[in-house]
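Chemist: Given the structure of chain Y, go ahead and fit chain W onto it with the hints provided.
There are 2 protein chains.
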Amino acid sequence: MTRIGYLGPAGTFSEEAAILYAAGRKIEIVGCPSLEDIFSDVAGGRLDEGVVPVENSTEGAVGAVLDLLAGPYQLCVRGEIFLPVRQTLMARRGLRLEQVERVLSHYQALAQCRGFLRRKLPAALLEECASTAVAAGRVAAGAGPWAALGPARAGRKYGLQEIAPNANDYPDNVTRFWILGREPLPVKPEQSYKTSIVFGLGHRPGALYTILREFAERGINLTRIESRPAKKNLGEYLFFIDLIGGQEQPVVRQALRQVDSITLGLKILGYYPVKD
Amino acid sequence: MTRIGYLGPAGTFSEEAAILYAAGRKIEIVGCPSLEDIFSDVAGGRLDEGVVPVENSTEGAVGAVLDLLAGPYQLCVRGEIFLPVRQTLMARRGLRLEQVERVLSHYQALAQCRGFLRRKLPAALLEECASTAVAAGRVAAGAGPWAALGPARAGRKYGLQEIAPNANDYPDNVTRFWILGREPLPVKPEQSYKTSIVFGLGHRPGALYTILREFAERGINLTRIESRPAKKNLGEYLFFIDLIGGQEQPVVRQALRQVDSITLGLKILGYYPVKD
Numbered sequence: 492m493t494r495i496g497y498l499g500p501a502g503t504f505s506e507e508a509a510i511l512y513a514a515g516r517k518i519e520i521v522g523c524p525s526l527e528d529i530f531s532d533v534a535g536g537r538l539d540e541g542v543v544p545v546e547n548s549t550e551g552a553v554g555a556v557l558d559l560l561a562g563p564y565q566l567c568v569r570g571e572i573f574l575p576v577r578q579t580l581m582a583r584r585g586l587r588l589e590q591v592e593r594v595l596s597h598y599q600a601l602a603q604c605r606g607f608l609r610r611k612l613p614a615a616l617l618e619e620c621a622s623t624a625v626a627a628g629r630v631a632a633g634a635g636p637w638a639a640l641g642p643a644r645a646g647r648k649y650g651l652q653e654i655a656p657n658a659n660d661y662p663d664n665v666t667r668f669w670i671l672g673r674e675p676l677p678v679k680p681e682q683s684y685k686t687s688i689v690f691g692l693g694h695r696p697g698a699l700y701t702i703l704r705e706f707a708e709r710g711i712n713l714t715r716i717e718s719r720p721a722k723k724n725l726g727e728y729l730f731f732i733d734l735i736g737g738q739e740q741p742v743v744r745q746a747l748r749q750v751d752s753i754t755l756g757l758k759i760l761g762y763y764p765v766k767d
Numbered sequence: 492m493t494r495i496g497y498l499g500p501a502g503t504f505s506e507e508a509a510i511l512y513a514a515g516r517k518i519e520i521v522g523c524p525s526l527e528d529i530f531s532d533v534a535g536g537r538l539d540e541g542v543v544p545v546e547n548s549t550e551g552a553v554g555a556v557l558d559l560l561a562g563p564y565q566l567c568v569r570g571e572i573f574l575p576v577r578q579t580l581m582a583r584r585g586l587r588l589e590q591v592e593r594v595l596s597h598y599q600a601l602a603q604c605r606g607f608l609r610r611k612l613p614a615a616l617l618e619e620c621a622s623t624a625v626a627a628g629r630v631a632a633g634a635g636p637w638a639a640l641g642p643a644r645a646g647r648k649y650g651l652q653e654i655a656p657n658a659n660d661y662p663d664n665v666t667r668f669w670i671l672g673r674e675p676l677p678v679k680p681e682q683s684y685k686t687s688i689v690f691g692l693g694h695r696p697g698a699l700y701t702i703l704r705e706f707a708e709r710g711i712n713l714t715r716i717e718s719r720p721a722k723k724n725l726g727e728y729l730f731f732i733d734l735i736g737g738q739e740q741p742v743v744r745q746a747l748r749q750v751d752s753i754t755l756g757l758k759i760l761g762y763y764p765v766k767d
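Protein chains in written order, with my numbering: chain Y, 492 to 767; chain W, 492 to 767.
Bear in mind the hints are in silico, worked out from the structure with no lab data behind them.
There may be inaccurate statements among the hints.
For chains that are exact copies, the list does not tell them apart, and a pair is met inside one copy or across any two.
Under the rule of at most 25 angstroms between Cα atoms (straight-line distance), these lysine-lysine pairs were calculated in the DSS-like manner [unchecked claim]:
1) Lys758 / Lys648
2) Lys611 / Lys723
3) Lys723 / Lys766
4) Lys517 / Lys679
5) Lys766 / Lys611
6) Lys723 / Lys648
7) Lys611 / Lys758
8) Lys723 / Lys679
9) Lys758 / Lys517
10) Lys517 / Lys723
Next up, chain Y with everything else stripped away, as it sits in the complex:
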């Protein structure tokens, strides 16, 4: 049976993404203690695949995952999953919204509900936890007037009651996940693909413009550009680009060869079917 890892513990949005991916197939989902464990377990063969969050429509890129993708692990992106994310405020039975003195959750979840918290609970203390599931567990175990933000599933798991079912500031809150594996997917001719790459740029003026020209002049559409610090010096960056097109298209191969010759350490992260 295929084994796929996600960032545990059970009850997180990452588990939901893994369940969605595994639905109807013979896949065992495995909670991992950290994102790096997912990468090293897939690379080392202890897992077949991993599912990791890449970006959220409210809070943006997941820096830790981008850094791992740019690093020494030689994994391939094989697919993407879009998970609608509804943050629910949950507490022990009997607690009303206006009584909440402390809200626990993951950094990303608190950030997705910043406006809600300021409006409804301006005096509450916000406490960051390692995951939304950990937050739900701590609220269930604690005795104070505390509430957790996270998926309703995590609340049910810990016997919590919903006190605000829709706490995210933007209704179309979506997280994008990538499926990682060791080998690229076999290419199907009738399928449309996205390709994801990362590269470094020196301090040359107009360097990014030169790269984008290679795609623009070939009519290749970019769906995302994300920068991350190169970590050595402030002002040096890595760029992550997603483009429409796969390795089977000569124009994409040609553009990537050109980009390879003018960037530092181009890494093709993978190509995967476009979701409609």
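Modeler: Just chain W now, kept in the frame of chain Y:
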């Protein structure tokens, strides 16, 4: 006396940046409870200026600050400060590194020390706090084998002892801060300037390329491009760009007029002296 706000409580790296900025001048520094309070207090005249973190060389952009800059507040960036950031692991007297069971700190500080923590304290629980100073205070007040990551100043303030003085993974760890005010600085003719802008882009192919061309063809050097989600739909982004040049240069004004005509909601965040 000029009053400048920073993200409190006292003891954080933000306070250090404010102290650095105020050094030798008649400036009172004021700890604020949140980043948004800094923006609204400067806009409302209760503070003259604010100092806010924009990016870190290891962990990248500070999303919450970029979102506030793109929002309705009409503030101007008037200057930048580069603060070397050394994370120190600190605990109550007598605790040795190998005895630490829990490490408390701000999300960014934990992220800057990820490799150190995995190597030296692989079994320790990591707990995120609202700031490095809050973490130091909790370690000082707690009775367990806990340690805080943060500036050595925060440790001294709470009577903690250094147990690992240099815990960040990258030695040249630097945070960049911006000084915000209500009015732009008066332009001095002999001074070189940087200009910072933010704009939205539709889903048109090659849209970012078209923008970058306006700068590249005029020989204007970009020092940073950062994307943030537009929050409404995944796949729509705002772009933050820093460029070398000020409003007094006709070529910069011309490029910005062009960019304004092809982007959504161009906002000039400010221009400020280039640091050597």
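Chemist: I'd like to know which numbered hints this structure contradicts. Please list them from smallest to largest.
Modeler: 1, 5, 6, 7, 8, 9, 10
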